[in-house]
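Participant: So the sequence lines, in the order shown, correspond to chains Y and X.
Taking the working numbering, the leading residue of the first sequence gets 1, the next gets one more, and so forth.
Taking the working numbering, the leading residue of the second sequence gets 1, the next gets one more, and so forth.
If you are wondering where the hints come from, they were derived from the structure by calculation, not from laboratory data.
C-beta atoms are modelled at their ideal positions from N, C-alpha and C, and glycine is treated no differently.
Please note: incorrect hints may appear among the correct ones.
Which residues of chain X face chain Y? A partial, calculated answer using Cβ under 10 Å [as the list claims (entries may be wrong)]: (1) D176; (2) R180; (3) Q192; (4) G212; (5) K414.
Below, computed lysine to aspartate or glutamate pairings styled on DMTMM-like, alpha-carbon distance capped at 20 Å [as the list claims (entries may be wrong)]: (6) X:K178 <-> Y:E214; (7) X:K65 <-> Y:D203; (8) X:K423 <-> Y:D73; (9) Y:K75 <-> X:D33; (10) Y:K62 <-> Y:D113; (11) X:K120 <-> X:D148; (12) Y:K69 <-> Y:E142; (13) Y:K181 <-> X:E189; (14) X:K253 <-> Y:E269; (15) X:K253 <-> Y:E169; (16) Y:K222 <-> X:E179; (17) Y:K153 <-> X:E375; (18) X:K392 <-> X:E375; (19) X:K182 <-> X:D33; (20) X:K182 <-> Y:E269; (21) Y:K217 <-> X:E311; (22) Y:K153 <-> X:D377; (23) Y:K218 <-> X:E179; (24) Y:K166 <-> X:E221; (25) Y:K74 <-> X:D417.
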Amino acid sequence: MSTSYERINYNLRPAKSVERKMLCEAFRRLLNFYDLTKYRYVGFGSIFFSDFTLIHKSLGIKDLISIEKETKDKKRFEFNCPYKCVKLRFGDANDVLPNLSWRRRLILWLDYDYRLNGSMFVDISTFFSRARSGNIILLTMEVTPYELHELNKKTSKYEKISRYEKLKETIGASKIPLGVKEKDLDRQGFPRVCYNIINNEIDQIFSIKNSVIENNKKLIYKQLFNFRYQDGDALMLTVGGIIYSQKDKKKIQECNFEDLDFIKSKRNEYKPYEINVPNLTFREMRYLDKILPRSKSPKIKKEEYLAFLSEEKQENYSKIYRYFPTFVEAEIR
Amino acid sequence: MNNKKELLSMIINGKPTKELFITMLIRDISLIDAISDLVDNCVDGAIRLKGDGKFTGLKVDITVKEDCFKIEDNCGGIDRELARNYAFRFGRPSEASTVDYSVGQFGIGMKRALFKMGSKFEIKSTTDSDSFTVEIDVNKWSADDNWDFKFKNITQGNFPLDKRGTEIIVTFLNPDVKERFKQGNFLSELEQKLEVQHLLNISKGLTVKINGHSVRAKQLELLNGDKFKTAYLYRNYKIYGNTSVKIYAGIGKYKNIRTGEDMGGWYIFCNKRLIKGSEQTDITGWGARTPVRIPAYHIQFSRFRGFVFFEAKEPYFLPWNTSKNGINIDSPIFRAVRLEMIRLMLPVKNFLNEVHDESVDFANDRLDKKYLQEEIDSANLKSFSDVKTSKKFISPHQRHKAKKRNEVTITYKKTKDKVDKIKEVFDVSSAKEAGEKTFEYTYDRECKE
């Protein structure tokens, strides 16, 4: 069974690249209040370590750990490790996370490349049970609905189980939110269901943790991120936020995260920030750049339109132009 | 005068305190079980209306919100005299009439559940001839020694069928209850619990909703086919109020341990209410030594399904505890039934052991097919009330002998660099293969003719 890094070249995922840059921009907002260089970053670097490179270069974090479960390819990972300060820990996140030291403030990005499953709850639980003010958690998972060939009954190739059954088998009936029906697990609804499941889990663990802390030391979880994007054939969801204590409340408010248009902190509704990376040529992008950023109205003026490009493409570009990845094929002598 | 003083000092105060109920007894039950208790009261109303018949048209609507809890039903309401003299007493007076085969019997369920949740209650009831409201403020009520409550208003009249029922609203929720009600996972767990605890009532047509979402009817299913028969036993205990018991022992197909939901074990019902399930301890015979030896519960028994249905006109005789989440192991009826349960589960345990052994043999290449597993996979699942039964559990038996290989395992340790060199020499990638190759090499040169 091929590993994900053998199937996808992580450097070539445009939406993911945009997401990464947006996240870094959000993290930078903390610079005024927390010394980011004293943070630790933990993630799943795979062989490309794209997030690690970005985090180290743009934020200056010097304590970086990449958790890797493909232990048989150790040498390859070690070879591709970009900086001395990036350390590898081999094993499953379930096993590695509890054994890390949680002394430093932490940014944890659980970038799973598969669908929701029970072991994710363990990692969430580990994070929140060691929560401290200033810690950030991110969870990325696939939210493509279960496909027909994945719904085969174990015993018979012709009999199918429902998507609901499959979800129940994977995470247990008591984790499925009240009122979820089969039709809620289609392409439209499955991301919302996964989002709710993750948030329910966060709420529960957080509540248990907070219930034994004195009032003035209680922690608060503020959601910042709720992304949705297409990654090749897979539909992806990223959800996450920051934990802070009452006394840091002012600091967090002054970070002014909501100034960034991709921040989604309302949890009671499912309105993710959609990252759509349009396919444009260099010339088209340079033309559009000249009229960006918009000063007043966010809409493109009629006369500035490139008539042959759809309005949607141009709108999408204007939303993310600052994070737009550039892929160049070049031989540099 | 002195005598009277002496007489008075001989008296010891034994009066119960209100604190006992407000703060202590509420600990004997979990929040979800408390809500289930309230549903039981609705079910009793349903039994009062329909007896043994279907509950179609009857419903229980539960609303769980951060600032209030509400449960309302259309199961007939509480009779005014019942309310005045019995329903609000702490404990059930012996002269109170009961509903035959009811589930509410200790006189404690409703009060305990309400005290557990909050400090302000409003109970409205409408029967065919009267309607009343009772409002209780726990803080005011606990301030003095008076144990009485007061009707807020009582009206008499002829009330239409669809208006007859009970509504209970709890506000000023206790802080930890408030916290739990906020969580999505709590609602999921509540749904799961109610689904199982009231599955028989729901399958009789009772609609139970939580925040507008209907609780599904779960099925108690057993394997059914030409080769499988579920064990079934019926007993009636005349001297214990004619309590009857039906025991089923067989296997289900589902083996879902990955999500932590191990469904194997015994499910005990009292008057159609699930008390304990899936029970996997010595209480239901796992690990027993008499009358036969049964091993302690183990994952390989996760396909085991045992259902025990106790029914009694008077719930007093049933072997349950006051929280209805446990078995009264001292009950003579239960002790007798337990022996029967153990007897019935023996052939099932033997079969599951055979299935396990087959799996191990197959994994070790001693069998080329999982015959018993195939039989299981090709059988159907049917509701317990529809399966074929017999006096004891019938199943197919393993007829294929595991190939006995005359093999011996050789194990030894050598340093890594030496093993790596050997691997290179024989062009293999594992230590196991290196060992096998070296053996063959030596054998070919030294032992072959």
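Participant: Against each hint, give a clear statement of whether it holds in the structure.
Facilitator: Status of each hint after checking the structure:
no., hint, result
1, D176, "7 Å, holds"
2, R180, "8 Å, holds"
3, Q192, "5 Å, holds"
4, G212, "7 Å, holds"
5, K414, "22 Å, violated"
6, X:K178 <-> Y:E214, "17 Å, holds"
7, X:K65 <-> Y:D203, "15 Å, holds"
8, X:K423 <-> Y:D73, "19 Å, holds"
9, Y:K75 <-> X:D33, "54 Å, violated"
10, Y:K62 <-> Y:D113, "25 Å, violated"
11, X:K120 <-> X:D148, "16 Å, holds"
12, Y:K69 <-> Y:E142, "18 Å, holds"
13, Y:K181 <-> X:E189, "16 Å, holds"
14, X:K253 <-> Y:E269, "39 Å, violated"
15, X:K253 <-> Y:E169, "14 Å, holds"
16, Y:K222 <-> X:E179, "17 Å, holds"
17, Y:K153 <-> X:E375, "16 Å, holds"
18, X:K392 <-> X:E375, "19 Å, holds"
19, X:K182 <-> X:D33, "18 Å, holds"
20, X:K182 <-> Y:E269, "15 Å, holds"
21, Y:K217 <-> X:E311, "53 Å, violated"
22, Y:K153 <-> X:D377, "10 Å, holds"
23, Y:K218 <-> X:E179, "14 Å, holds"
24, Y:K166 <-> X:E221, "19 Å, holds"
25, Y:K74 <-> X:D417, "19 Å, holds"
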